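**Student:** These protein sequence lines are chains R and S, in that order.
The C-terminal residue of the first sequence carries number 280 in the numbering used here, and the numbering is unbroken.
The C-terminal residue of the second sequence carries number 533 in the numbering used here, and the numbering is unbroken.
In case anyone wonders, no lab produced these hints; they're calculated from the structure.
No false leads were mixed into what you were given.
Listing some non-contacts, in silico: residues in chain R with all C-beta distances to chain S over 10 Å: (1) Leu-34; (2) Val-37; (3) Ala-42; (4) Leu-76; (5) Gly-83; (6) Arg-86; (7) Val-95; (8) Leu-96; (9) Val-100; (10) Val-127; (11) Leu-180; (12) Leu-185; (13) Pro-190.
Simulated DEER-style distance windows between Cβ atoms: (14) Gly-381/S with Gly-22/R: 38 to 44 Å; (15) Ala-23/R with Ala-417/S: 53 to 59 Å; (16) Ala-385/S with Gly-22/R: 31 to 37 Å; (17) Ala-417/S with Ala-113/R: 32 to 38 Å.
Just a few of them, taken from the derived set where beta-carbon distance is under 10 Å, the chain S residues facing chain R: (18) Arg-364; (19) Arg-425; (20) Gly-427; (21) Ala-430; (22) Pro-431; (23) Val-433; (24) Asp-453; (25) Ser-461; (26) Ala-464; (27) Lys-465; (28) Ala-468; (29) Arg-469; (30) Leu-471.
The structure displayed is predicted, hence computed values, not measured ones.
Heads up, the beta-carbon is just placed ideally off N, CA and C, and yes, glycines get one too.
Here are the chains, one letter per residue:
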Amino acid sequence: MTRPVTRPVTRPVVPVVLAVVGAAVLVVPVASLLVRVPWSDAVPVLSSPVARDALALSLLTSVTAAALSVVLGVPLGWLLSTGRGRVAAVGRAVVLLPIVLPPVVGGVALLAAFGRNAPVGRALDGVGVVLPFSAAGVVLAQLFVAMPFLVVTVEAAFREVDPRRTEAATTLGAGGWRVLARVTLPAVAPAVLAGAALAWARALGEFGATITFAGNLQGRTQTLPLAVYLGAQTDPGTALVMSALLVVVSLAVLVVLRGRWLPGVEPLRAPARARGRRTG
Amino acid sequence: MSGVRRTVTARRSWCAAFLVASLVIGACGVDGTGGATGDRRRTLVVAVAASLAAPVERVATRLEAERPGLEVQLNPAASSTLARQIAEGSPAGVFISAGPGPMAAIGDRAVDPRVVAADDLVLAVPAGNPGSVRTTADLSRPGLRVGWCAPGVPCGEYARTMVGQAGVAPSVDTEEPDAGSLLAKVRARELDVAVLYRAQVLAAAPDVEVVEPDPPSDVRVEYLIAALRGPDGSAPTDDAVAFVDRAGDDLSG
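One chain only, chain R, in its complex shape (with noise of 0.2 Å):
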């Protein structure tokens, strides 16, 4: 059974097999709830009082926080560009910890922080701004969550920003802020809108850290997610249509990335230093 080696790589099979399983694992459950979608179903459900709502808080919310993410993630992910040595590599498991924390812990973590009888939180509360509870600590949470990816997704851009560009501006007389808009940030904006792309998509995803901190009420804090998780209970074919929805706008933002997503990380130029990319 052997069979004439004319090229350097071959298939062994037993990795093949498992791939196979692996990627089942990953398609199956999304395959089968898209078959068992009531679709007939699907016009009135979407336009529920608590669907509409839910969708509605969905985009607001997570246009939000994918927007905050974009103003504070990529001065975040250029000043970790610019560091080097142990300080950097600190801030970035930092940045990178809401990554792999469990979201619940995230809320918890919210609430220590901004709950009422947090200090942070009572001084905000002494001034009016209420975040648990509220669509505020939604797109809190969602931001805590999502930023992460848009700072790693930028921080790995900046990193692959040819020095000798940046020089040569620097050389033709362009202070440190003017290098930065005219040189590096062209340079790094298609990592932009792929990092964006991405928090936003995890903003919309956003469950647990987001019922734990800013708990569930319909047109206040209760977003698709939550919406599904709790239609679950009452009535199956209700969460099963708006679980659809969130797999239809996952799906677009990836087949939109796949256009962006090569161009931003992936270094065209100087190919060899590929460092401080996502978590792999």
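Since chain R is already given, all that's left is putting chain S on it; use the hints.
**Tutor:** Just chain S now, kept in the frame of chain R:
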């Protein structure tokens, strides 16, 4: 250069895949032989209404001491959620449901359900009652942070009945997925008041206190327990039957 990198990375990821796979296969193998050779280690999954998790945990501990090799795993959640999991073929051996609805929903997988405990609803407040909650009507007071369970969840349905009978339209800040997460938010002092089961609130003392509903509530909750047939219709295990008996002695007494 990048080609070399990629090859190294690919080889490394295959190694990782093999490592994970061999761990999984290894674990399965140990498990399988353990069962087949008559090792006495076995697991009983108890699906329990979140509000009754604490006392049922004690039943589990006692039963484990009586029956060597038995490990009881609790699955505490809203009874409605548990009923759906069981109907979808979850391997639970015992189901403890708040109210008869979820128990009825799993049909003939439940063998001979019986009442194992009874409870009623109270207003649960953090220690010291920071919101000065006195009556059920306080649930509609502006500025107070109020929580109850979501509709469709037993604790949410009972709470709606109680508050409706009192003629109060509450201004609610959160509708929690089960009684356990609702209690957690009172315990964390993020809510000023929540509608919860009395036994559960008493078990959370001194962090959480009871305020009697005023007007008094006549909403009564009966917990039902049943040993479950397997998803394939097989009879309940001895462990499941023993758990039901033990719980009957411990919880109702």
